[in-house]
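On the provided structure of chain A, position chain B as indicated by the hints.
Protein sequences appear in the order of chains A and B. Using UniProt numbering, the letters of the first sequence map in sequence onto residues 1 to 268. Using UniProt numbering, the letters of the second sequence map in sequence onto residues 1 to 243.
Hint data in this document are derived by calculation from the structure and do not stem from the laboratory. Just so we're clear, the structure is a prediction, and the values are computed from it rather than from any experiment. We put the CB at the ideal spot given by N, CA and C, even for glycine. There's no promise every hint is true.
As the list claims (entries may be wrong) - Chain A side only, calculated, beta carbon under 8 Å to chain B, not exhaustive: (1) A49; (2) L172; (3) T175; (4) L176; (5) C178; (6) V187; (7) P190; (8) L191.
Claimed, not checked - Just some of the chain B residues that point at chain A, by a computed CB distance under 10 Å: (9) N72; (10) Q75; (11) F97; (12) K106; (13) R177; (14) R180; (15) I184; (16) V238.
Given next are the chains, with one letter for each unit.
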Amino acid sequence: MRSKPLTGTSPPRSARSIFLTAALVLLFALPFVLLALLAVAPAWRFPAALPAAYSLRALRDLLAADNELLAGLGRSVLLASVVASVATASGFWLARAIARAARPGRWEALSYLPYALPPVLLAVLIQPFIIRLRLSGSVGGVLLGLLLIAVPFATLLLRSFWTQQAREYEQLARTLGCTPRQALWQVLLPLAWPLLRTALFQTFLLAWFDFGLTNLLSVGKVRTLTVQVFTYVGEANAQLAAVASLLLLLPPALLLWANKRALLRKAD
Amino acid sequence: MLLTVSHLSKAFGDQPVLRDISCGLAAGQVLAVLGRSGGGKTTLLKILAGLETPDAGAVLLEGHDLLPVPPNERQMVYLYQEPLLFPHLTVFENVAFGLRIRRVAKAETTQRVREMLAELDLGAHAQKGPHQLSGGQRQRVSFGRALIIRPRLLLLDEPFGNLDAQTRADMQQLFLRVSRQHQITSLFVTHDSREALTVGTHFGYLDQGTLTSFPSVREFIQDPRTSIAAELAFWESVQQTGH
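Next up, chain A with everything else stripped away, as it sits in the complex (with noise of 0.2 Å):
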């Protein structure tokens, strides 16, 4: 009896997985595709299915010099980033100390407290200090609040990498004559990169969409992209809404793509 000859080829997909194929990617795009449409639609009045008028001019606006949108773009690049950056660097050294303290289980779950309130009510709790402090309605008060937010949920997340075999990797390092900077730099860092790019990822993420504690604590002068995205749509202007929703999305976009590998490596 002949056996069939293998070809390496795939059977051919059913209409069942095409259908649910395309229904997913219609679901995820969507709303892309309607903020694109509603960024280059002028006036799109209901009950029209679709724009009357298209006109690139919001987007064409971006591009000049004095554009808010533009600005506050630069502005939560810079915030998100030095959140990010000093959030990661401390809950690092935090969740060190935690994990030899003589009792981590206490100092763990303080680092659960900040998320027993929403932002916008510690932004409330914190705002007579940041007045006291003459930091109210700067950038440097709006940093100091996402920071109470974002430091101890960075700890919380890296804290799972002081385990005993990191001690290990530390005291191993040191006796085969690495300096503590060294066995730092050389072994630690290395040993922790995927945890720590994770938490810059989310936290970058968390101060970049916070709305609620930038608002309170700016007292409006620290117009973020995603305050100004609130006063938009406050404001019914759904085209500029649009344009300041697809600059929100653009960076955020562009760290999933970056660090896809790292996202999917459990799938593989």
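Relative to chain A, chain B alone:
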């Protein structure tokens, strides 16, 4: 004496871990220390490596006080039960690690690492990552990484404890061969009496923080705490029953 340990004591809180420990080790000797878990073996090794500080006592290396010397300047490598290879480095770079830290010239590093890998039968695996190796191969890389810096003393904390019986026996033979070839002085802690007898030139027994050093292998075997004599008697009785 290369290493002299005198009246070493250490306690964690109220719990004494090492009690008045004294021993000596001449160059080229392998002191095999037998003991159960929690007997203070790891603490003793960590004090010698500079990773823990004793409460009392002295440690001298060639007559010089070793206690104020930081771990990176002691030239004593501590080997754990796990090989702890650096996952971000290849086999070659793992072995080269100590030389790179010491800023040894590139050509010399390459030559010495190649020689070490060939000696440990790892030449074909130089560019592999640690995750691509078997348990025995990983432990050999860990050995190579320690030996390449020509340590004055090798501190081994049950290094073959996680290997299967056959690989463990192979590694013991490899340790013996390399130790003799490089004239390595080591302190080898184990809970396996057979392993102690295989690798050791001198013997000790550590239990509840107290170290007993034996002047000869005969006395080590005959001490009832090592249970070796009882085990020998058991096998003899099995053999007699079989006949």
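Here is what the structure says about each hint:
1. A49: violated (54 Å)
2. L172: Holds, because the Cβ-Cβ distance from A:L172 to chain B comes to roughly 5 Å (cut-off 8 Å).
3. T175: holds (5 Å)
4. L176: Holds: closest Cβ of chain B sits about 5 Å from A:L176, inside 8 Å.
5. C178: holds (6 Å)
6. V187: It holds, given that the least Cβ distance between A:V187 and chain B is near 6 Å, below 8 Å.
7. P190: Holds: closest Cβ of chain B sits about 4 Å from A:P190, inside 8 Å.
8. L191: For A:L191, the interface hint holds, since the closest Cβ of chain B sits about 7 Å away, which is under 8 Å.
9. N72: Check passed: Cβ of B:N72 comes within 5 Å of chain A, closer than 10 Å.
10. Q75: OK, holds: B:Q75 within 10 Å of chain A, min 8 Å.
11. F97: holds (6 Å)
12. K106: violated (17 Å)
13. R177: violated (22 Å)
14. R180: Given a least distance of 23 Å, the restraint on B:R180 is violated.
15. I184: At 15 Å from the nearest chain A Cβ, B:I184 fails the 10 Å test, so the hint is violated.
16. V238: Since chain A brings no Cβ nearer than about 40 Å to B:V238, farther than 10 Å, the hint is violated.
In the structure shown, a violation is registered for the earlier hints numbered 1, 12, 13, 14, 15, 16, in ascending order.
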